[in-house]
Amino acid sequence: MNTTNIPTAETLDHVAPDSLKGIPRQQTNPGRWAGAGWDAFTGALRSQDIEVRETKHTCGVYATDSGGLAYGMPHGVVLARSAEQIAAILKQAQLHRVPVTVKGGGLTTEGESVAFGGLLLDMRGMNRVISVDSAAMTVRTQAGIYWHTLAEILRRDGLDYLSAPLNLTASVGGTLSVGGIDINSPRLGCSADQAVSLQVVTPTGEIKECSESVNPGLFERILLGYGQFGVITEAVMRIRKFTPITMRYFYYGSLREALEDLQMLVREDAADYCGILTILDKAVNLLVAFDSDERERAFFDKWRKRIRGHGEFAFALRMAWHYAIRPWRIGEALYLLGRKQALEPAFNPSHYMENGKIVDRAVVFGNQVWKFWGGKQMVIPDLAVSAGKYVEAIERGNAVCKKYFPRYTLYCVGIKLSRPRDRYELSCVPPDAVDFAYGCEFEPMLGDTVYSREYLQAFKNEIYDIGVDMKTSYYRFGGMMKGYIRRAFGDEVVDKHLAMKREADPAMILNPDVIF
Amino acid sequence: MTNTDTTIFDDSIRSGYEKCTGCGVCMLTCPVWRQTRDVMLTICGRTRVIQGGGSPEDVRESLMACVLCGACGSVCPAEVDTVGLTTELRMCLAGPKIPAPRKPSSGSGKASGKIFFPGHAMRENEKILKRALGLLEQNGFASFEDSEISAMAAEMEAGIRPDPQRLKAFIRSMSDVTEIVAADGFLHRHLRQWLPGVRVTGLGEALLRRPDVKKAFKNTDLYIIEARGYHADHVRLVKVYDRMRLETGCRLNTSLQRAAIPTGATNLNKGSGAARVDAEEQARWIMDKRRPARVVVEAMEDLELFKKMSGPEVIHVSELI
Chain A
1 MNTTNIPTAE
11 TLDHVAPDSL
21 KGIPRQQTNP
31 GRWAGAGWDA
41 FTGALRSQDI
51 EVRETKHTCG
61 VYATDSGGLA
71 YGMPHGVVLA
81 RSAEQIAAIL
91 KQAQLHRVPV
101 TVKGGGLTTE
111 GESVAFGGLL
121 LDMRGMNRVI
131 SVDSAAMTVR
141 TQAGIYWHTL
151 AEILRRDGLD
161 YLSAPLNLTA
171 SVGGTLSVGG
181 IDINSPRLGC
191 SADQAVSLQV
201 VTPTGEIKEC
211 SESVNPGLFE
221 RILLGYGQFG
231 VITEAVMRIR
241 KFTPITMRYF
251 YYGSLREALE
261 DLQMLVREDA
271 ADYCGILTIL
281 DKAVNLLVAF
291 DSDERERAFF
301 DKWRKRIRGH
311 GEFAFALRMA
321 WHYAIRPWRI
331 GEALYLLGRK
341 QALEPAFNPS
351 HYMENGKIVD
361 RAVVFGNQVW
371 KFWGGKQMVI
381 PDLAVSAGKY
391 VEAIERGNAV
401 CKKYFPRYTL
411 YCVGIKLSRP
421 RDRYELSCVP
431 PDAVDFAYGC
441 EFEPMLGDTV
451 YSREYLQAFK
461 NEIYDIGVDM
471 KTSYYRFGGM
481 MKGYIRRAFG
491 DEVVDKHLAM
501 KREADPAMIL
511 NPDVIF
Chain B
1001 MTNTDTTIFD
1011 DSIRSGYEKC
1021 TGCGVCMLTC
1031 PVWRQTRDVM
1041 LTICGRTRVI
1051 QGGGSPEDVR
1061 ESLMACVLCG
1071 ACGSVCPAEV
1081 DTVGLTTELR
1091 MCLAGPKIPA
1101 PRKPSSGSGK
1111 ASGKIFFPGH
1121 AMRENEKILK
1131 RALGLLEQNG
1141 FASFEDSEIS
1151 AMAAEMEAGI
1161 RPDPQRLKAF
1171 IRSMSDVTEI
1181 VAADGFLHRH
1191 LRQWLPGVRV
1201 TGLGEALLRR
1211 PDVKKAFKNT
1221 DLYIIEARGY
1231 HADHVRLVKV
1241 YDRMRLETGC
1251 RLNTSLQRAA
1261 IPTGATNLNK
1271 GSGAARVDAE
1281 EQARWIMDKR
1291 RPARVVVEAM
1301 EDLELFKKMS
1311 GPEVIHVSEL
1321 I
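If you're matching them up, the sequences are chains A and B in order. The opening residue of the first sequence carries number 1 in our numbering; numbering runs sequentially from there. The opening residue of the second sequence carries number 1001 in our numbering; numbering runs sequentially from there.
It should be emphasised that the hints constitute simulated quantities derived from the structure, not laboratory data. All residues carry an ideal CB built from backbone N, CA and C; glycine is no exception. Hints may contain errors.
Non-contacting residues of chain A with respect to chain B, defined by C-beta distances greater than 10 Å in every case (computed) [said to hold, decoys possible]:
#1 35
#2 53
#3 58
#4 60
#5 79
#6 124
#7 148
#8 152
#9 157
#10 206
#11 277
#12 339
#13 360
#14 367
#15 392
Here are the computed distance ranges between Cβ atoms for each label pair [as the list claims (entries may be wrong)]:
#16 A:82 <-> B:1272: 36 to 46 Å
#17 A:338 <-> B:1249: 56 to 66 Å
#18 B:1280 <-> A:157: 45 to 55 Å
#19 B:1019 <-> A:300: 35 to 45 Å
#20 B:1192 <-> A:268: 30 to 40 Å
Go ahead and model the full structure; you've got the sequences and the hints to work with.
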């Protein structure tokens, strides 16, 4: 690489193709597939009674993802109905070299679930629970199901899933393909690690079961595989008994202290759930939660005195003093107060509370995520790092947020890793992480302010730059990171995966432009 | 846009759809989504089409599939008026919509004080009407000959804009009314809009105010909330019904979102070609894994529906005492 061409901070054009510090970046909107062979492809599908929707309005419904920055139109859309139907589609796609983009909840932010031409396969057509085994504590479900719908069905048996993203409209299949982080991930790991077995349609249209004992190689490639090696059509997941939880909040004036305490709690398995949400740099909220009174008691006996966070009253006094001697920062104080008054009842609604415990916390949190942080553009770049790099990475990310936006939130969690697994290679799990990885989402509060797409993408790129510099990974690293993976993971690993991809998907038609 | 009333499909309707962020939370409660798994038939799909410049005709099938239960609106983080927009768009459609609504009457007289709109379905069941009215009369309500407003509601649901003169006459006739109990939940949002000074409640809520009714509940009961009225005032009613649940120990037909799982039985398009929601399937989902000793319903249509299913005793809320 010719380093003399690397732009400086002053000359950097954040949306140029090489905006990632000298790395050619896949633009948010790749070129659209030209459509050669489309008519023959759809003709073959229709001859097998597969409905392909091609109207402008139907295709337009799928024009973007949650990120809202990438826009693309598929040539047609198919609602997934069965593994057999998907197998038939992929066989024809290989034959006619038609790209197939798979979409579940569509919660990607860099256009990974946007089809830039070709076929869009809407997996949400397959969203039924097949069976619940309350003896083995597993559920077999179609993979297009929303986690929320799964929870709704499991609750009739007093059961719950283990962990899932705090987002009601994430699909099971999509989540297993990227990871899936919850505030109980420090204890239970990512959602993908809860999968017992999968039914997969390979890119060449074979329907295969896989697990740690059956087709283990495929199983490891599919989990955290960004949809490169097959379409998950069914999943068997571990489940547990449903329990309301007790939430406790501690407040910090220092982000670094909060992060250090979070890491200590994660390492020592001090709580069933924990994470950090920031309001301001000097108002950082560490939340811990417990499935049982015993765990809560143990926390207060053993760990409460070791963490440096304050209770709400003590922190309020501290803040009152802080702003009393800095009256020129009244605007900040009012923002803090307003935020507290809005968030507190929203996160503790009376009709979700029973005996001081929160019932359906995923619903409450999921709703508030959309209400307070949602919008047509979900701007949430993230970093996934090993323990030793965590504080530095977050502080650097925090500085970037400050540069771009007056208000923002950081959402920080730990992720337990099980033993070394092939699935972690070339994934959101940083290559140097041992036992635990740590993640942070950087979420600007966009409010009613209109920002240009370039401005938002430039912000995201600066966060991604930190990962490039520090050799971390990203939870949402698809879409624009084709150039990045070689630098972060090295040619050997990337070439190995590329070779596997070429073997599994000879025409390279499944989820193009995400990784390869 | 062709063959639609362009004067009605104005910018205010389009801007209502512009608020939607596309999060899809609405689909989690949508009975049409639950039974079809087709985003194009949901408010989420309709909104995307409208945002993309589509016309009501482009979403005709989707508009007519909607049961107007309002569950989507009750959970929408962007607070989009989903029922209002869907109703408005239906009115913009040209040509045949839902099969003929109930025939309008020749009008109704002047009312005053606290009145009760039993609705078309209850008027056809003399026994239940008598019971409900008997209880409401003890609380100072008088029955009102509501076939005119029932017909107007049915027309609106079918996509026919109410005649302004007729509507004006109705509003004038209500000028001395202070409170309305309306069994038809579809009417609630409209009555609140037309008669801003009048308190509007559902029959269930009105009867649940009586201690003797509340006392008659057993903790083995499953209570079926009438979804349209509940979602029309969800922020307030979610707390009212949650309190009732805690006080009586009964179960409710609510989802994890605290939306009421609708049966769709009150839906005007049931049985028509446009219908995509099978009310019996919805009822089976409500009953799934539940073994109540008794089912108590608010809506007359649900009374018939649950009675058709083999299982526990089914009664109307007015029959509790």
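Verification of the supplied hints:
no.: 1; hint: 35; in the structure: 20 Å, holds
no.: 2; hint: 53; in the structure: 8 Å, violated
no.: 3; hint: 58; in the structure: 6 Å, violated
no.: 4; hint: 60; in the structure: 4 Å, violated
no.: 5; hint: 79; in the structure: 6 Å, violated
no.: 6; hint: 124; in the structure: 6 Å, violated
no.: 7; hint: 148; in the structure: 5 Å, violated
no.: 8; hint: 152; in the structure: 5 Å, violated
no.: 9; hint: 157; in the structure: 6 Å, violated
no.: 10; hint: 206; in the structure: 25 Å, holds
no.: 11; hint: 277; in the structure: 18 Å, holds
no.: 12; hint: 339; in the structure: 17 Å, holds
no.: 13; hint: 360; in the structure: 5 Å, violated
no.: 14; hint: 367; in the structure: 6 Å, violated
no.: 15; hint: 392; in the structure: 33 Å, holds
no.: 16; hint: A:82 <-> B:1272: 36 to 46 Å; in the structure: 29 Å, violated
no.: 17; hint: A:338 <-> B:1249: 56 to 66 Å; in the structure: 39 Å, violated
no.: 18; hint: B:1280 <-> A:157: 45 to 55 Å; in the structure: 23 Å, violated
no.: 19; hint: B:1019 <-> A:300: 35 to 45 Å; in the structure: 44 Å, holds
no.: 20; hint: B:1192 <-> A:268: 30 to 40 Å; in the structure: 55 Å, violated
Violation of the numbered hints given earlier is confined to hints 2, 3, 4, 5, 6, 7, 8, 9, 13, 14, 16, 17, 18, 20; the remaining hints are satisfied by the structure.
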